[in-house]
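First to last, the sequence lines map onto chains A and B.
Residue numbers for the first sequence, in my numbering: 1 to 198.
Residue numbers for the second sequence, in my numbering: 1 to 208.
None of these hints come from the bench; they were simulated from the model.
Where hints are given, some of them may not hold.
[As the list claims (entries may be wrong)] Below 20 Å or equal to it, Euclidean Cα-Cα: the simulated EDC-like pairs (lysine to aspartate or glutamate) are:
# : chain 1 : residue 1 : chain 2 : residue 2
1 : B       : 47        : A       : 81
2 : B       : 24        : A       : 6
3 : B       : 47        : B       : 208
4 : B       : 24        : B       : 41
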Amino acid sequence: MFIACDECDLLESVPPMREQSRARCRRCGAIIYQRHPRSIERSLALSMTGLILFAVANAYPFLGFKLEGILVNTTLIGGIELLYQNEKFAIAAVVAITAVVAPVLQLCAGVYVFLPLYLNRRPRYLSHVFRWLQRIQPWAMIEVFMLGILVSIVKLAQMAVIIPGVALWAFALLIVVLAAASAVMAPEDVWSRLEATN
Amino acid sequence: MSRQAVTARELGLTTCHACRLLVKLHPEHHHVHASCPRCGEALHLRKTNSLARTWALLIAAVILYVPANVLPFSIITTLGASEPDTIMSGVIYFIHSGEWPIAAVIFTASIFVPILKLIIITFLLLSIHFKSHWRPNERMRLYRIIEGIGRWSMVDIYVVTIMAALVHMGSLADFTAGPGAVFFAGVVVLTILASMSFDPRLIWDAME
Chain A
1 MFIACDECDL
11 LESVPPMREQ
21 SRARCRRCGA
31 IIYQRHPRSI
41 ERSLALSMTG
51 LILFAVANAY
61 PFLGFKLEGI
71 LVNTTLIGGI
81 ELLYQNEKFA
91 IAAVVAITAV
101 VAPVLQLCAG
111 VYVFLPLYLN
121 RRPRYLSHVF
131 RWLQRIQPWA
141 MIEVFMLGIL
151 VSIVKLAQMA
161 VIIPGVALWA
171 FALLIVVLAA
181 ASAVMAPEDV
191 WSRLEATN
Chain B
1 MSRQAVTARE
11 LGLTTCHACR
21 LLVKLHPEHH
31 HVHASCPRCG
41 EALHLRKTNS
51 LARTWALLIA
61 AVILYVPANV
71 LPFSIITTLG
81 ASEPDTIMSG
91 VIYFIHSGEW
101 PIAAVIFTAS
111 IFVPILKLII
121 ITFLLLSIHF
131 KSHWRPNERM
141 RLYRIIEGIG
151 RWSMVDIYVV
161 TIMAALVHMG
171 SLADFTAGPG
181 AVFFAGVVVL
191 TILASMSFDP
201 RLIWDAME
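Kindly produce the complete structure, drawing on both the sequences and the hints.
Written out as structure tokens, the structure is:
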């Protein structure tokens with residue numbers, strides 16, 4: 001099998017590989033091919049888990065803040081709404097896209113692509129959705145958002161009492177699930193599964 | 001470079017973005033729209049107008065970088081007194097109050113990483129323009145660094161969002177994002193777009 005390296009374009013012949021192994025480009029060192037066992041089933045499972053975690057992460061407050069007897073709770077959507085009300089439209093949009101829209105689209109696209117494949121059907125518009133999935137992925141920044149929460153906790157702890165919420169744990173798990181979903185996704189497997197079903 | 005090294009482009013081959021099929025492009029297709037025979041996606045030998053786009057996004061980011069650092073990033077009002085903070089004054093405040101970890105995180109994410117990205121992208125673009133043969137593997141490493149770390153600059157934008165959502169208690173304590181935050185968000189988005197539009201294969205093409 002011949003593979004062109006994505007990062008330096010070197011053409012290389014790759015011998016058949018065992019599962020759970022990866023091949024690196026011999027010129028620039030980029031990973032050019034990897035095989036994950038049952039990548040379609042895993043991608044589907046991770047996307048569905050991610051959607052559940054995402055719902056929990058957004059339905060409950062992630063932080064509470066108590067000052068002089070007043071308790072303020074916040075959800076991610078609530079924070080974005082507040083920015084929007086204060087006419088910080090650009091920031092509201094950037095946060096909404098990177099912390100809400102991109103992750104949820106990534107997870108939905110995952111289910112859209114991998115559920116039919118798992119059931120041996122061909123999803124419609126597969127190549128477009130798949131391409132969009134790859135484009136959206138870099139904009140999902142839940143792990144950076146988590147660092148933002150941690151920094152805020154330390155900052156606010158000087159001012160008031162901070163109460164971590166349920167959503168905080170959901171976000172933490174979501175980071176792991178999203179990272180695993182990106183790592184496991186293998187375009188080659190999608191197309192070989194499709195060719196097998198036709 | 002060894003004589004056996006053959007690139008896909010030299011053989012008129014390219015990999016489909018969507019399905020990873022290696023496709024032979026006909027010579028007459030190099031400048032027209034060709035599509036993948038397996039999945040139908042558009043095929044490109046290289047990212048379209050990579051150098052021009054990356055330069056444009058880079059220059060826009062450099063311009064926004066100035067107001068991002070000069071204008072107040074956040075404004076905190078306690079008991080009627082407003083106190084605007086720029087990125088740097090925020091870092092200095094945390095150093096003085098002994099919060100070293102926070103000062104380090106904000107300095108790294110909001111000052112060090114954006115500057116590093118701007119410098120590295122400029123350097124990579126110049127090295128391609130001058131057809132440099134200097135250490136391509138190290139330049140690839142620089143490219144991978146900017147690909148990986150750019151997103152972490154967003155952390156301060158999230159901190160502002162969270163602080164603004166929690167600290168809004170009227171005259172007692174109120175926290176809002178300043179105009180600097182908008183420009184800073186622009187810098188982060190533009191540098192991410194710049195590193196996405198940069199095609200690392202050009203580093204190797206320029207050496208042929």
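Numbered hints the structure breaks, given as an ascending list: Of the numbered hints given earlier, the structure breaks just one, which is hint 1.
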